[in-house]
Each structure stands twice: as structure tokens, then as C-alpha cells.
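Got chain F; can you put chain D on it based on the hints?
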Amino acid sequence: MHNIEQKAKKEDFSDIRKIRKSAKEDILDETFKKAEISKGLRSEPEENITKKPFLKLGIILIIIAVLSLAVINNLPWMYIKYKADYGAVEELYYRDFKNEEGHYYKEIDNIFESPCVNCSNNSTNYIGLTKDDFSNIPKNTSYGFITLAILGIVFTIIEVFRRRRNFSINTASIIHSVFASAALFIGVVVALLSIKFIGFYFLLYYNKPFIEVLGIKNIILIFIAPIILIVISYAIIMIAIIVMKINFNEFEKKLKSEKSHLSYSANRYGDNL
Amino acid sequence: MKKVEKTKKAARLILLIIFLSIIGLILISLLPWISVTEDGLVKENLHFNFEMMQKSNNKQIKDLATDLIFINISFWVLTILGILSFIGVTIYASGKASRIGLILLVSGSATLIFSVLIVILNWIFIKTIKESNTISASAIIYTPINYAYIPLAFGILLLISSIRYTWVILPYSIQQLKSSTKEKKYAEKLVDNKKIKSEIITNKEKSAQEQTSLEPKIDEDRGEIEQWLTGEVQNIEKQAVKGRYLEPEKEKQIELEEITTPEQPFFEEEPLNIGEKKPEKSTQAKEKIFKEPYKKSKETPFMYYNNRLEPFSPEKKEEKIKGLDDVGLTHSFEEALSSAIQKRQTETNMKDIIKTEVKDIKDKSNVISKEDKVEKPMLKIQNEEMLQTKEEISSQINEKPMKKINVKCPQCKHITTIEKGEIITKIKCPNCGKEGVVK
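For the record, the sequence lines run as chains F and D. Numbering of the first sequence is given in the working numbering, commencing with residue 1 and proceeding in unit increments. Numbering of the second sequence is given in the working numbering, commencing with residue 1 and proceeding in unit increments.
Treat the hints loosely; a few may be bogus.
Take a look, some chain D residues computed to stay more than 12 Å from chain F by CB distance [to be verified]:
#1 T128
#2 L157
#3 I160
#4 T166
#5 W167
#6 K182
#7 D352
#8 I418
Computed cross-link-like contacts, DSBU-like style, restricted to lysine-lysine with a CA-CA straight-line distance of at most 35 Å [what the hints assert, rightly or not]:
#9 K185(D) to K6(D)
#10 K185(D) to K253(F)
#11 K131(F) to K127(D)
#12 K59(D) to K208(F)
#13 K43(D) to K217(F)
#14 K178(D) to K256(F)
#15 K189(D) to K254(F)
#16 K254(F) to K404(D)
#17 K428(D) to K245(F)
It should be emphasised that the hints constitute simulated quantities derived from the structure, not laboratory data. C-beta: ideal position from N, C-alpha, C; glycine also.
Just chain F, with the same shape it has in the complex (with noise of 0.2 Å):
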């Protein structure tokens, strides 16, 4: 009976040092972790690895593109609103000087092409525009935004080749930069194009005895299509301005830090590095 009361006892110890030792090995791996944590000693964790930026400045340029086309092709290029002898009119011309209705004002024409006999011939209109802008301005116009179609796609198509070839970074932000410049000098064309338009409202109020007698009263004249083109154009100048400069900020950091590392160095190590 002794015996038996023993190895019952023994199994009991037997019991207590496995859920001690049980204890003792949680203990130990929580220490464990905490130190890990502490320490930084875990596995670090995997670096993201940033994916290759895709450019997308040649789709902003044919969205720009297209939507500018469709602008001059189908928005209306001036709204004329005047009073005459015979009642007040109102007008919308399209591209190629095209009246949809198929009116035809002596006046409006007075406008553009001075019929002046008497004067001294010193101008053929009063307002510096003829009716030949009305079909040479928005010609040249879209010339300029096929280009700049043209340009966008051409980088996409480099964009996506870049992607596949792996190209160096600083190559990809130099072509950026330059057709980022070349969209600005577009863009500078198309602006100056269609600023005649804006030009006229200083003629229209210096001139407006001129035009008074032509016999319109209380002119009201506004280019749709030239004001939009404007607005467009400008928004090409600042993307192209904003994306050179981005460009160029990343290469002077880039350059900045070359210059840090390499004054530390020389500190640490000496000049003749």
C-alpha cells in the first residue's frame, strides 16, 4: 500500500513538472518575442517595392487633344448680338464662317471687312479680324492638337515600351521633361492663335465710333470657341510647366543627396575620395 501511495505521489510530481515545464516554455517564448520586438531582430518586413510609375502625360495630352478638336469642329466660334435699323440680331457662327440658319447680314460682313471710301484708307477693318481667321485660325488650331495628339501618343507607345524594356528612371523623366516642352511650345501656339479673338474687345471699345456708324448698335460679341481653346491652352502651358519642374525637383533631390553622402564621406573619410 506504501508503495502504491508513493508512485501515486510521484505521478502527481510527474503532473506538476510538466504543467511547470509547460509554464517555463510560454514564458520563455513570450520573452522572446518581446525582445525580438524590442531588439528589431524579427524578420524585417519585405520592402514594398514600388512598381514602376506609368506616365500618364501622353493620355492627358490626346484627351486634350480630342476634346479640343471636337471644340473647334463643333462649338460655335462667335455669338453676335447687335441692333440695327431694322431690329435687333442674333447670331451663331461656326468654323469656316458658317451660318447654320443661312442668314446673311450686311453689317456683320461691315465688320470684318471695312467698307470705308472716304477714310484714309489706313485700315481694311477695325476690329483686326477678317473673315479668313474664321476659317484659318481653327485650321492651324487643329494642326496644332493633331500634334499634340500625335505627341501623346508617341509616349504612350515609349511609356509602354519603357515598361516592358526597363528604362532607366532619370531616361524616362528626360523624355518626360521633353515632350513636356513640347506640349508648352504647342501650347503657346494654339494661345497665341486664338488671343486675336481677345485682342478685338480693346479695338471694339476704342473703335466703337467706327463701328457705329457701319450702323450696329450696342454690339455684343463673344468668341466661344477661341475663349475655350484659350482656357485649354493655358492648362497645356501649366501641366507641361508643372511636370518639367516636377521632373526637375526630382532629379535636384536625387542630386542633393549625391552631394550629402558625398560631403559626409569627404568629412569622414577625407576630400581625396
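Just chain D now, kept in the frame of chain F:
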């Protein structure tokens, strides 16, 4: 930091030039420039803008329009130059094709010429208007200021900025260009050296590849040698008790007559009873013996002379005595054996070390768990110690001999040499950054 400052300044000035020249262009086609008093039905001033001036029949007005055309062209040139020089700045800042960048930067200093031209032409334009009796400059509404002065002001601003640009950039870029030309010349001189270097590198790569192919064979040989050595060690241990080591067959032939003292070398005191035949001195026989150490003739006795089995000769007594130690083994042979044993023991020792270290750590942690009163910082310190030991163990494991292997990146196919231990190694491609594991 000179490069950073210069590029930053250059970029600012170029952007300013571009901005001013675009505004100048807009102003030219926007503003009314001149006014002419008409004597027709309306006796008032007729204002002309750039377009109207170009289409005018008046000769004086047309002459003024040509001035404006030149100003317009100059503004265009300034814009284009500004754009080009900005591209140059970005290229130069990128560090790629910096020579082209510098050339573009230098071309940007031509803005000075065109800005001067703009100012001069504007001045001439204003002067001719003033001199004329029929033509007058258009003035801003409710002010006596003429519109013609606005582009002049922009021209002056452009002139100032282009002067600053040329002052900042031109000497610096010329200096850089000169240094780059010098570098180019130096590089041309080094082309031949580079070719030689590339050849050397290719040869090295080839040899490294050959080495990698040879390594498994070497390992096999090493294993065989180690096996043989372990057998030898066991024999030596047995023979060491007797105080000498020889081949078992020859041992029977060579008999020691007497060993007077265990401390003194036995060769000096007592000559060995050698077999009847004298040892051959010819080199051919020696080579045969060396090549087949286990198939030795029963007639001739052999002894180890500096790691070599050679027929025994009494003339070489002294040499033998010097080479042998108390036990009767050569030092070099002993060293080889000890190194082999050490190699064998390293792995088992390492395992023991790890076990003992882990035990210690466990004990420490047990102590910590028992003593609940122990403060947290103390726990941290102990944990750090434990981790340090862990690191030491891992470093000891990692100290094992490393192999140099050429690895080809599956993504960019860039070949890199890495040092591979026995443990699985993680590698990162230096070219494209792809991560992988070499087993």
C-alpha cells in the same frame, strides 16, 4: 553643392525667361499699339493692333509693323531657347549625358542677345512713333502711359534675368565643358586598358565557372581523404601505445632489440635489425613505392621521412630523429591528422554549444519567471543578452566556409557573383532589384 545651387538658380531664371517671353508674345498680339487720326466720316483716332498694322496700306504703319514682327520673332526665339535650356538643366541635373545638358545650358545664354534686341527694337519703335506727326502711341485707358511701354518693361525684365543667367551659368558651364573634354580625352586613352580589363574579367569569370564545376569533385576527394584519415587515426591510436607508427606488414620485419629509456629516441641507442637486402636508392623504385604505399615489398623496410614512405637507411638516422617525436610520428603528419579530427569535431561541437546555450537561456528565463518581482527593464536586458548569445551562435554557424557562385537574374539576366554558405541565402539583384533565394 555648387552644382545643385547652379542648376537650381538656372532653372528659376529659365522659367522666369519663358514666362516673360510668353507674356511678351501675348501682349504683342493683344494690345493696341498705335492710333491714327482719321479725316473721314468719323474724325477720331483709329487704334491699331498688331494684326491691323500688318494689313494696313499706310507705309509708316507697315514699317512700325516690321519692328513689331522682329520683336515678336525675338520673343519666340527667347521662348524656344528657354525651353531648350530648361531641358538642358534637367539633363544636366540627371547626370546622364551631362555634356549635352551643358551645351543646351550654354545655348540658353543666347537669351541675352535677343533680350537686348527686344529692348532696342522697342526703344526704336517708341522713338519712331514720337517722331511721327500723324501716328501716336495708344495710351492705357484714363492714363497717359502708352501700351508700347509695357512690352519694353517686359523686355528690360528679360534682359536683367538673361544677364543674371549668363553671369551665373556661362562661366560655370564652360568650365564644366572644358573639364569634360579633358575627361573625354583621358577616357579615350584608357580605352585600350579597359579592353584589357574586360578580357581579364571574362577570363576570371570563365575560371570561376570552371571552379564551380570542379568544386563537387574536390568535395568528393576531400570526403574520401577524410574517410581514409579516420581509419588512420584509429590505427595511430592503437600504435601510439607502442610508441611508434609503421605499416603493419613492415612492423613485423622491423624489430626493436631493446628500448633502453622511453624518453630517448630508440634509433640512437639501438640499431634496427633490417632484412637481408639493402634498400634501393634509385628514384624509380621510390616512385613505385610512393604511388603504391599499400603494396610494398616484404623484403625492404620502409620508414616515414617527412611525410614520405621511403626505404630505411641508417645514414638518415639524424634526420629521422629530428622529424620524429616521442611517439614516433612526424610533426606534419600529426598536424594533418589533428586538423582532420578538428574538422570532424566542429559540427558536433557546434551542436553541443547551441544546446548548452539554449539550456542557459531556458534557465535564465525560468529564473525570470519564478521571480515575478523582477522589473521589466531587467527583463529586457536579459532578453537582449539572450539574443546576443543567439546572434553569436548564428554568426558562428554562418562563419562556415563560403562559396563564390555566379548567379543569373531571371528577370533582367544580370550576372552577379555571390558568396553562398551552407544555409539558404537570400539575394537581391543589384540591377533590377528582384529578390530570390539560392539553395
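Output the indices of the hints that this structure fails to meet, ascending. none
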